[in-house]
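Undergrad: Sequence:
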Amino acid sequence: MDMKVKSTLPNFRANLYDVTAYVQAHTLLNRGITTIGGSTIPQCVMSNNKYEAQERGTMGVVYLIASYLTPILLIPVYNRHFLKNKGIIKSLKGAEKDIILVSKKYLTPQGDLKKGFDEVAKRLDGASDGHKKAFEKIYNRYSNPEKLKKDLLNVHEKVLLTDFITTAAMWAAIPWIATETTEKLTGRKDFSAGFNLKSDDTKQKRNKIYKILGNIFFVTVPGILFSKTVTKGLNYSGSTKKVLSWINKNAQKFDYTSGTNMSKMIYASIWALASFPAKIISSRDGNERRDRALRDAGLFTMFFGGDFLLNNIFGRTADKILGTKIMDYGNKELNFFQKFKLGIRDFRALDEKSGLSPAILKKTKNAGAAIYWTALLTNTALIGFGLPKLLNKFLRHNINKENA
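So that you can map any letter, position 175 of the sequence shown is 174 in numbering that gives the first Met the number 0, and since no number is skipped, the others follow by simple counting.
Keep in mind the hints are simulated off the structure, nothing from the lab. Treat the hints with care, as some may be off.
[Unchecked claim] Derived lysine-lysine pairs resembling DSS-like cross-links, with alpha carbons at most 25 angstroms apart:
(1) K231 / K149
(2) K92 / K114
(3) K362 / K388
(4) K104 / K136
Take these sequences, add in the hints, and give me the full structure.
TA: What follows is the structure, given as structure tokens:
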């Protein structure tokens, strides 16, 4: 695997392919680019007035700080605390703490824990053997490897729960920060996008206590249920319960890249289960509630579906015309619809050991990086300009009906 993309922060002297691999692997950074380019700057430009633009700008900046910078500071603390508290590591310093990087697929009943240790140690040690010795020391302290698996899963559950609640709380607070600032500046309590289209509804009441309690509910309860379900799925060895069986077979989808960056699956779950309902609850009036529901639904669909669709189309086209190997076909013959479900390769694992000839590997890396950024920027433009244009038209239609 390419060692240039393993650090918590990207190496800005790396080439385009290394940067692309890093962004692909780090969901929050990918989302941050989409947020700034697709949600914040264009949607500020597309705002109906300066107050709406200020709100969207504030939410974008605070979101980036809360979503990308704070996990780098907080999650390593969570990792070390829970590992030490469970007795898996004896010291907060040294290589032992990196045991958290072992993928969850090795913690399932059928997973080979020793293989997981070796994989991480080989990646981190290079010419030394510090991590290998540290992991062997932990392994030898446990007479039963299954007990070590159980303890590691317990730590992962606590980290996931804590990160879920922390992230959801920050995301839920962002709309309040923006809207309360607008209310202080203007004295108006309705949706800022409609300021120039109608007068303030003085009869409108916002029961903040109930809204805050609703926010607290969606920040905490989904996190508890989600983390418990993931752990239950990782421990599941049957096949009758489809959700638990799916989690078990896709355990790596719940990993944290570099031990600090949540996967797309975790990100999507926090967004759908906590952030989205909390944002709807905190809306100031019916117009903002509709706007947030449609805007977030559009963002969610384009973020998780738009990139995938565009990468699939561009990647399959390049493979057919240029002879690259961007799509991960595996070793099976696939029909059209099966190929349509495929994603592009994990760029971090695309190296000399991938079985491709040097010429094909180079061509695939160059084309893959170009396609990845083309798809990301195209998706960002659609989110940034296409979605607000439709929502502004819908808002004006609704307010005209209200005024009439």
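Undergrad: Hints first: check each against the structure and report whether it holds.
TA: Here is what the structure says about each hint:
Pair hint K231 plus K149 holds up; C-alpha atoms about 11 angstroms apart against a cutoff of 25 angstroms. Taking the CA atoms of K92 and K114, the gap is near 24 angstroms; set against the 25 angstroms cutoff, the hint holds. For the given pair, K362 sits about 38 angstroms from K388 by alpha-carbon distance, which is inconsistent with the 25 angstroms threshold. The suggested pairing of K104 with K136 holds, with an alpha-carbon distance near 21 angstroms, which does not exceed 25 angstroms.
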